[in-house]
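Colleague: Residue-level listing of the chains:
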Amino acid sequence: MANYHVTVQGKDREAMADLVRVHGLRVYPQTLREVADGERVSAVADEEMISRLRGAGYRVEEHEDVDEDARSSLDQVGRGNRFRAQAED
Amino acid sequence: MPYLNVDEVESAIELAAESNPHLTELIHLPHPTWGGRTSTAIRVHLDSEGSEAAEGIYLLGGVHAREWGSSDILVRFVQMITDSYRTGTGMTLGGKSFTASEIRGIVETLDIVVFPQANPDGRRYSMSVDPMWRKNRRPARSPSPVCPVGGGSGPGVDVNRNYEFLWDYPKKFSPAAPVMTSTDPCSEIYRGPTASSEPETQNVIWLLDRYPTVGYFIDVHSFGEDILYNWGDDDNQTTDPEMNFRNAAYDGARGIPDSTPGGDPKKYREYLSIADLQELIGLGTTMADAIRAAHGRRYSVKSAVGLYPTSGTSDDTAYSRSFLDSARKRVLGYTIEWGPERASIPKSFHPDYPDMVPIVEEVTAALVAFCAAVAGRVAG
Numbered sequence: 001m002a003n004y005h006v007t008v009q010g011k012d013r014e015a016m017a018d019l020v021r022v023h024g025l026r027v028y029p030q031t032l033r034e035v036a037d038g039e040r041v042s043a044v045a046d047e048e049m050i051s052r053l054r055g056a057g058y059r060v061e062e063h064e065d066v067d068e069d070a071r072s073s074l075d076q077v078g079r080g081n082r083f084r085a086q087a088e089d
Numbered sequence: 001m002p003y004l005n006v007d008e009v010e011s012a013i014e015l016a017a018e019s020n021p022h023l024t025e026l027i028h029l030p031h032p033t034w035g036g037r038t039s040t041a042i043r044v045h046l047d048s049e050g051s052e053a054a055e056g057i058y059l060l061g062g063v064h065a066r067e068w069g070s071s072d073i074l075v076r077f078v079q080m081i082t083d084s085y086r087t088g089t090g091m092t093l094g095g096k097s098f099t100a101s102e103i104r105g106i107v108e109t110l111d112i113v114v115f116p117q118a119n120p121d122g123r124r125y126s127m128s129v130d131p132m133w134r135k136n137r138r139p140a141r142s143p144s145p146v147c148p149v150g151g152g153s154g155p156g157v158d159v160n161r162n163y164e165f166l167w168d169y170p171k172k173f174s175p176a177a178p179v180m181t182s183t184d185p186c187s188e189i190y191r192g193p194t195a196s197s198e199p200e201t202q203n204v205i206w207l208l209d210r211y212p213t214v215g216y217f218i219d220v221h222s223f224g225e226d227i228l229y230n231w232g233d234d235d236n237q238t239t240d241p242e243m244n245f246r247n248a249a250y251d252g253a254r255g256i257p258d259s260t261p262g263g264d265p266k267k268y269r270e271y272l273s274i275a276d277l278q279e280l281i282g283l284g285t286t287m288a289d290a291i292r293a294a295h296g297r298r299y300s301v302k303s304a305v306g307l308y309p310t311s312g313t314s315d316d317t318a319y320s321r322s323f324l325d326s327a328r329k330r331v332l333g334y335t336i337e338w339g340p341e342r343a344s345i346p347k348s349f350h351p352d353y354p355d356m357v358p359i360v361e362e363v364t365a366a367l368v369a370f371c372a373a374v375a376g377r378v379a380g
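Protein chains in written order, with the working numbering: chain H, 1 to 89; chain A, 1 to 380.
These are calculated hints, taken from the structure and not from any lab test. Even glycine gets a Cβ: it sits at the ideal position worked out from N, Cα and C. Treat the hints with caution; some may be incorrect.
Label pairs and their computed distance ranges (CB to CB) [claimed, not checked]:
| id | chain 1 | residue 1 | chain 2 | residue 2 | range |
| --- | --- | --- | --- | --- | --- |
| 1 | A | S101 | H | G24 | 50 to 58 Å |
| 2 | H | E62 | A | D251 | 34 to 42 Å |
| 3 | A | E108 | H | A2 | 49 to 57 Å |
| 4 | H | E48 | A | T87 | 56 to 64 Å |
| 5 | A | G263 | H | A2 | 37 to 45 Å |
Here are some chain H residues the structure puts well away from chain A; computed CB gaps all over 12 Å [to be verified]:
| id | residue |
| --- | --- |
| 6 | M16 |
| 7 | V35 |
| 8 | D46 |
With the sequences and hints as input, model every part of the structure.
Modeller: And the structure:
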């Protein structure tokens with residue numbers, strides 16, 4: 001099942017605490033922000049979790065598929081061993 | 001230039017040690033990882049054989065597998081500090097400069113213990129299979145549940161929830177506290193079967209035991225542009241030493257910050273001395289100032305607790321040790337969360353490398369500034 005970066009908005013801090021206490025959502029605490037009509041936080045969730053959160057009254061925005069997006073990062077990893085070559089020079 | 005892979009981090013540290021035998025001590029950690037890998041750390045101090053520094057700083061990175069840049073930062077730190085000392089030159093990182101005299105003061109005054117890749121198995125898995133992987137690679141064992149895979153899910157332990165400090169959160173925290181840890185082996189923040197069960201955790205603690213000069217501990221993570229200091233379980237207080245993590249009378253009361261709607265009914269706050277709090281904020285601000293001077297980014301300096309308290313973390317465990325045993329030196333603890341939140345969550349954890357370059361510079365500047373400030377105090 002695909003995992004999505006989501007932004008979850010709740011009406012108050014109790015609702016945001018319930019994301020962890022009740023729903024076991026993978027939130028990123030450092031992204032918690034106050035907004036005009038509540039609070040919001042970034043998280044990762046699959047479709048089942050997204051449905052559950054919406055059913056519980058949260059506003060959920062879906063962003064990128066994190067698996068697909070993350071795979072593009074693999075070409076940022078070094079190949080071979082630059083330091084071993086340097087040590088042998 | 002891409003991120004350092006697992007072998008490169010180890011080779012870079014070995015090369016730094018070989019190139020600077022009078023400045024460094026190469027350390028092989030005693031606890032092999034689940035994947036059978038022996039981890040490597042390095043101590044930087046002039047004439048390290050047999051001589052003892054007056055003060056020590058311990059820099060840790062690579063705990064969370066997907067936060068690739070942390071190991072790169074610490075390797076760069078070691079390279080720059082040893083190169084600058086050996087050549088008798090200063091150091092410039094973006095708009096932040098350090099004089100040759102400051103570098104000399106650091107290397108000749110301090111023990112700097114650097115453990116750049118605490119979770120090599122996880123890093124290798126993240127860099128080759130699942131880039132969102134966070135935990136170590138402890139294998140699933142019957143009767144563990146079958147975990148879903150992908151997006152960072154699967155078996156394994158979150159090393160930064162496996163340390164001793166308030167590890168037993170169901171007992172120590174309020175049932176109403178939204179604690180960022182879990183007893184579920186499939187969870188990304190699984191705390192492990194027992195406190196300090198993991199070889200990666202044991203290696204981190206082994207270094208604290210091995211180098212009793214260490215008085216400062218900095219764990220490098222991403223993301224958020226935050227410099228976090230003790231404590232992470234609840235709000236801080238400086239007036240009641242009996243209200244602390246050791247006191248069983250407060251079991252079940254922790255983890256409800258005052259900012260919770262309606263406040264904290266049991267008014268629990270974690271104790272630290274006013275002197276420690278002031279030093280934590282002062283040195284944290286030193287790092288934030290260096291970061292801003294390097295490339296203009298503004299990192300916040302704040303206590304680690306937020307809406308979501310933590311347990312079993314490295315920085316609080318390091319600081320808590322002198323409370324548990326007064327013979328141990330006090331170790332002030334920090335966590336740096338480098339880099340901003342980006343539109344993409346994976347790229348927040350490991351930005352494209354060109355975007356990582358200024359972050360490596362700014363956090364290296366912060367660490368050098370921290371060391372210079374501590375060395376300056378020791379020198380009087």
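Colleague: Look at each hint and say if it fits the structure.
Modeller: Comparing the hints with the structure gives:
1. A:S101 - H:G24: 50 to 58 Å: holds (53 Å)
2. H:E62 - A:D251: 34 to 42 Å: Given a distance of about 40 Å, which is inside 34 to 42 Å, the answer is holds.
3. A:E108 - H:A2: 49 to 57 Å: holds (54 Å)
4. H:E48 - A:T87: 56 to 64 Å: About 58 Å separates the Cβ atoms of E48 (chain H) and T87 (chain A), which means 56 to 64 Å holds.
5. A:G263 - H:A2: 37 to 45 Å: holds (40 Å)
6. M16: M16 (chain H) is in fact no farther than 12 Å from some Cβ atom of chain A, at 6 Å.
7. V35: The claim stands: V35 (chain H) keeps its Cβ more than 12 Å from every Cβ of chain A (closest is about 14 Å).
8. D46: Violated, because the least Cβ-Cβ distance between D46 (chain H) and chain A comes to about 8 Å, which does not exceed 12 Å.
Violated hints, listed in ascending order, are 6 and 8; each of the other numbered hints is respected by the structure.
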